[in-house]
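**Student:** With the hints as extra help, turn the sequences into a complete structure.
Residue numbers (the working numbering), protein chains in the order written: chain A, 96 to 251; chain B, 96 to 251.
Worth flagging that the hints you see were computed from the coordinates, not collected in a lab.
Among these hints, one or two may not hold up.
When the alpha-carbon atoms are kept at most 27 Å apart in a straight line, the in silico BS3-like pairs for lysine-lysine are as follows [said to hold, decoys possible]:
(1) A:LYS246 / B:LYS211
(2) A:LYS206 / B:LYS206
(3) A:LYS193 / B:LYS206
(4) B:LYS206 / A:LYS211
(5) A:LYS246 / B:LYS193
(6) B:LYS211 / B:LYS195
(7) A:LYS246 / B:LYS190
(8) A:LYS211 / B:LYS211
(9) A:LYS190 / B:LYS206
There are 2 protein chains.
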Amino acid sequence: MSPPDNRGATKSATKSAAEEAQLTIGRLSKRCGVPAKTIRYYEEVGLLPEPRRASNGYRYYDQRAVHTLRFVGRARELGFPMEDIGELLTLWNNKRRKSKNVRAITQAHLKAIQDKIGMLESMQNTLQHLIHCCHGDDRPDCPILDELSAKEEDDE
Amino acid sequence: MSPPDNRGATKSATKSAAEEAQLTIGRLSKRCGVPAKTIRYYEEVGLLPEPRRASNGYRYYDQRAVHTLRFVGRARELGFPMEDIGELLTLWNNKRRKSKNVRAITQAHLKAIQDKIGMLESMQNTLQHLIHCCHGDDRPDCPILDELSAKEEDDE
DNA sequence: CGCAAACCTTCCAGTGGCTGGAAGGTTGTA
DNA sequence: TACAACCTTCCAGCCACTGGAAGGTTTGCG
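**Tutor:** In structure tokens form, the structure reads like this:
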């Protein structure tokens, strides 16, 4: 039932750096800025490997897990979908990778981002125009509603 | 078991325009550019009123439904969330509305859009920089992966 | 008139990326 | 020894659909 080793090594500098501090999920969470729930979720969907379990069932993580989770966290911040991140992790762990594969994933993701920006900017332009046209007072006349309910010619 | 009235009035100009052509969900779908599945969904979540049902169980829609669904469709194209659209519909149907209420909803939505654009542009900038730095060849060295795995100082 | 294609119906499940909460066991601290 | 603060699993929900199964109805054509 006892936790295995020096997981509380944060304050003691006596332990050598080579001895890996084992982290509970809560500590890993704080270190990487990723909620514990999310870490479990990443594990469940196969993005993160299953960590060692102590006899009490607790997950214990090593330093490598910290790096991996930070990698995932940063990739998520850049908006990469989980599927991409899985591939990026594989490439990251493969010393014989070709950087063009990494680049291709990134390029495709960038394009997806740009497409989204384009759509949002189109919405933005229309909305700004509508807001500009609307008096925004106590009267009912409203170009915004007029635009939303505008008739358009329909064939068929 | 017989459909109620002149739902096939598309070709005959003999019927007066005042007589409302009743549309099946499929026809309404085509007229408004919204999938039938989505129309049922909108009804289910209360965004659209329940239409008349013929004795065979089919939904039949009148001209008013066409206008409403187009309104919803356009609002969705502008990215309004369903909750907002519900409020916009209510205001649209209220002749004593105040246009400032419409404007406020639109303004808040615009801000949400702009926030999203800001985040995406930040991602875009980083991604462009990374892609620019990466050779994208057959060698493993990759600034993109370097960036994602960059160490940062951690307290605690 | 018969038959197949094209409709329509309901219900259930899945998408992405978490997030909240319940119910229960374990650990750390005063 | 009490109790907070962890940890565990499992289930449900978010948004706005979308897909598919299983079954009934209508339409168009030979």
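**Student:** Hint by hint, note whether the structure agrees.
**Tutor:** Each hint tested on the structure:
no., hint, verdict
1, A:LYS246 / B:LYS211, "30 Å, violated"
2, A:LYS206 / B:LYS206, "24 Å, holds"
3, A:LYS193 / B:LYS206, "41 Å, violated"
4, B:LYS206 / A:LYS211, "16 Å, holds"
5, A:LYS246 / B:LYS193, "22 Å, holds"
6, B:LYS211 / B:LYS195, "24 Å, holds"
7, A:LYS246 / B:LYS190, "19 Å, holds"
8, A:LYS211 / B:LYS211, "9 Å, holds"
9, A:LYS190 / B:LYS206, "44 Å, violated"
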